[in-house]
Each structure stands twice: as structure tokens, then as C-alpha cells.
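Can you make the complete structure from the sequences, with help from the hints?
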Amino acid sequence: VSAAATAIAASCARCHDCGLLARLAPHAHEASCPRCGGALHLRKARSIERTWAFVIAAAICYLPANLFPVMTVTSLGKRQSDTIMSGVVYLLEHHMWPLALVIFVASVFVPLMKLAILVLLLVSTQRRSRWRPLDRTRMYRLTELIGRWSMVDIYVVTILVALVRLGNLATIEAGTGAVFFGAVVVLTIFAAESFDPRLIWDAAEAEQA
Amino acid sequence: VPIVACHDCDLLHELGRVPEGGTARCARCGGVLRKRTRDGLERTLALSLAAAILFVVANAFPFLSFEMKGSVTQTTVMTGVLDLWRGGKQEIAALVFVTIELAPVVQLLLLLYVLVPLRAGRIPWQLPHAFRLLRHATSWSMIEVFLIGIVVAITKLMGMATIVPGLALWSFALLMVVLSAAIAAFDPEAVWERAEAVT
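Protein chains in written order, with the numbering used here: chain A, 1 to 209; chain B, 1001 to 1199.
Quick caveat, the hints were computed from the structure, so don't treat them as lab data.
Just so you know, not all the hints are guaranteed correct.
To be verified - Have a look at the derived ranges for each label pair, beta carbon to beta carbon:
hint	chain 1	residue 1	chain 2	residue 2	range
1	B	M1078	A	R127	43 to 51 angstroms
2	A	L120	B	K1069	50 to 58 angstroms
3	A	N168	B	A1120	20 to 28 angstroms
4	B	A1197	A	R43	27 to 35 angstroms
5	A	H95	B	F1061	31 to 39 angstroms
Stated by the list, open to error - Partial list, computed: chain B residues near chain A (C-beta under 10 angstroms):
hint	residue
6	L1011
7	M1068
8	T1076
9	G1080
10	L1084
11	K1089
12	W1140
13	F1146
14	V1151
15	I1163
16	S1180
This one's a predicted model, so the numbers in the text were calculated from it and none came from an experiment.
Backbone N, C-alpha and C fix where the C-beta goes; we use that ideal spot for every residue, glycine too.
Dropping the structure here:
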């Protein structure tokens, strides 16, 4: 593949919204799509900085999300608060390991893996690395695909809160951890959206040129 | 031959007509250049209509009843959202409301808004805006994740009390299947082709 065969080399960009390939004015970095009016960027504006900002914010929220309880169960006068991990341990102790696995993967593994992948992509892109661009693009697609599945725990808490409200007999309340956890999910979705995978390939191109 | 760029790596391709049911992928990174579905617009329209009906049923009826020592509570999605809001967790209430109520409603309404007139040979007013909003609504609509949440919640409570699945639960399950099928059948490029054929 020659270095000239990309849209940017031809002063063109693919519309994010409708997919049309459109030519930009000379020296312009952005324009509106002639077909749908959507934004055309040769590359997403300040992609690296914006992605770092969201990743760092998500990493900061990740700590309180795991340290504070996600929910508190009050049953017959007894109060029990559970963090994400203690909830997983509780399920394991009660032999509900398929459930423990679902919560662990969705709430612990997926957000951590997403953050790790995004940091790897950011660092390698900033260093203009030529290391495995195809695999890095696949990793990026994976983060886009799996991010939404972290919402499972938020929905579980919502349903339990709505369902179990029997006054003194049993009530369930959402905890502060759930708020921070929701923030982690939303921030990592924004982070993945801010990153421009085309930057991965620009480094490889620059070397060939 | 029209030229397209890969969304993920920016490589240019000459892309001829993609056969129905076929997918064209980028030669360098494997990103999808174009996926042409069989009767995409008609199928998406039919599935969206079905999804809209299921969505109304899923929200109008309780999806779970919880029975413990003679006391019964029932819940719909909106009572869950309202309970969180009143309990001081407005952020979570808003997040759940957007991903389970607002985004799916906007997504279904826009699909119908775009596809019904196109089928009748007219171009919907403000098609480009509707189209862009549809893309955002689709990415924030998380019905399928909610269904997993329901399954987890039911399993968690099973030892504690009697859980009775309601009519809305089955509607949610069907809605997840139908809505996913509608999105899978949707071919954005076909919308523009149809719109150009009309003008």
C-alpha cells in the first residue's frame, strides 16, 4: 500500500455520520458534509488530548466506584452494604458463580480492560509506534463494542431498589459507589468516541513516506 | 466507480456494487466499508413497527412482582427511575432513563420517521438532522444490557422472596431481539440511495 492511498493524502474525509467521502478545501481541517451536513474532519480535533482527559477522569472515578458501596440492603432491621467486589464474593459464597462471573466481567474486568486498552492506544499513538497497527485497530473496535455491557450492575441496582421496598421488612438503596460507577461507564464511552483510530495508521504511513 | 474511505484507517477503496447480504471490508484493517442487507429498509421498517408496539407494552405493565411475607410490590422501569430520583441518586436515575427510555424511544420514532415517508416515495423533512440524531440515539440505547440486568436481579432475589415475572418482562425479551434485528437490518447507505432515487 503506498502512502498516498489514504483520504487525508487526497484532502478528503469520510463523513462520520453518513459515510460519504468528501473533498475538503485546500488547507482546511474540517468542513460540513455536502450530503448530510455532518462534521467532516481529516482527523478528529485534539483526539489524543480529549481521550486522555476522559481516560484520566474515568480512572479517578474508578476508585470511589469500587471503594463505596453500590447498594445497601436493610432486612428485618439488619443493614448490609456491598461494594462491587463484596457483592461478587457474596454471590460466590452462595454458590451463584455464573452470576458472580457476569458481575465480575461486566463491572470489574470490562472497565479495567477498556482503560488499559485506551492507555495503550494513547501511549503507542503518541510515540508514533508502528507496532501491530492491525491488532491495535481491533483492540479499539473491541472497546467500542463492550463498553455498554458495564451498565449491567447499574440496571441490577435500579431493579432491586424499585422492587424491594417493603418498609421495615426489606428495602434496598443505591449507594454512592453506583454513582461513580455510572460515571466510569459514561466517561469510558466518551473516551472511546474521542479516540481516532486513523492516527494508529498515520505513524505507519509516515515511516513509508 | 465510487471511492470510499475506511472509517477506521482512512485507506481509499474503489467500491463497486455490493451484492445484497454482502459486506465489503477494508483491505488493510478489516473495517466494514459497506454492508448491504437484503430488503434492508423494508425489514427495518417492519421490525421497528413491531419494536414500537413491544416498547409500549414493556413500559405500560409491571415487569416483575416481588412477594415477601404477604407483601407485594410491582415495578415498571419508570417506577425504578422515580425511586432512584427520590432516593437522592438523580445521576443514576438520569442515566437509566436516558439509556432505557429516552434513547430507545427517539431511536424507534426516528427510524419510523425516516422509513415511512421513504417507502411512500417522499423525502422526510430535515432528513440529515434526523439521520444524525438517529446515530446518537442508537449508540445510547441499551435495552439488551437491561435484559441481562433483569436476569441477574431475578436470580439474586430468588432465595429471598417469590418473584413473579410480568407481561412486560416477556415484552422486554422480545423487544431486545426485535430491536437488535432492526438495527442489524438497517443499511444507512440504502437510505441515501433511496432518497436520491426519489429526487
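Hint check:
no.: 1; hint: B/M1078 to A/R127: 43 to 51 angstroms; result: holds (49 angstroms)
no.: 2; hint: A/L120 to B/K1069: 50 to 58 angstroms; result: holds (52 angstroms)
no.: 3; hint: A/N168 to B/A1120: 20 to 28 angstroms; result: violated (59 angstroms)
no.: 4; hint: B/A1197 to A/R43: 27 to 35 angstroms; result: holds (33 angstroms)
no.: 5; hint: A/H95 to B/F1061: 31 to 39 angstroms; result: holds (33 angstroms)
no.: 6; hint: L1011; result: holds (6 angstroms)
no.: 7; hint: M1068; result: holds (6 angstroms)
no.: 8; hint: T1076; result: holds (8 angstroms)
no.: 9; hint: G1080; result: holds (3 angstroms)
no.: 10; hint: L1084; result: holds (6 angstroms)
no.: 11; hint: K1089; result: holds (5 angstroms)
no.: 12; hint: W1140; result: holds (8 angstroms)
no.: 13; hint: F1146; result: holds (5 angstroms)
no.: 14; hint: V1151; result: holds (8 angstroms)
no.: 15; hint: I1163; result: holds (8 angstroms)
no.: 16; hint: S1180; result: violated (12 angstroms)
Hints 3, 16 from the earlier list are contradicted by this structure; the remaining hints agree with it.
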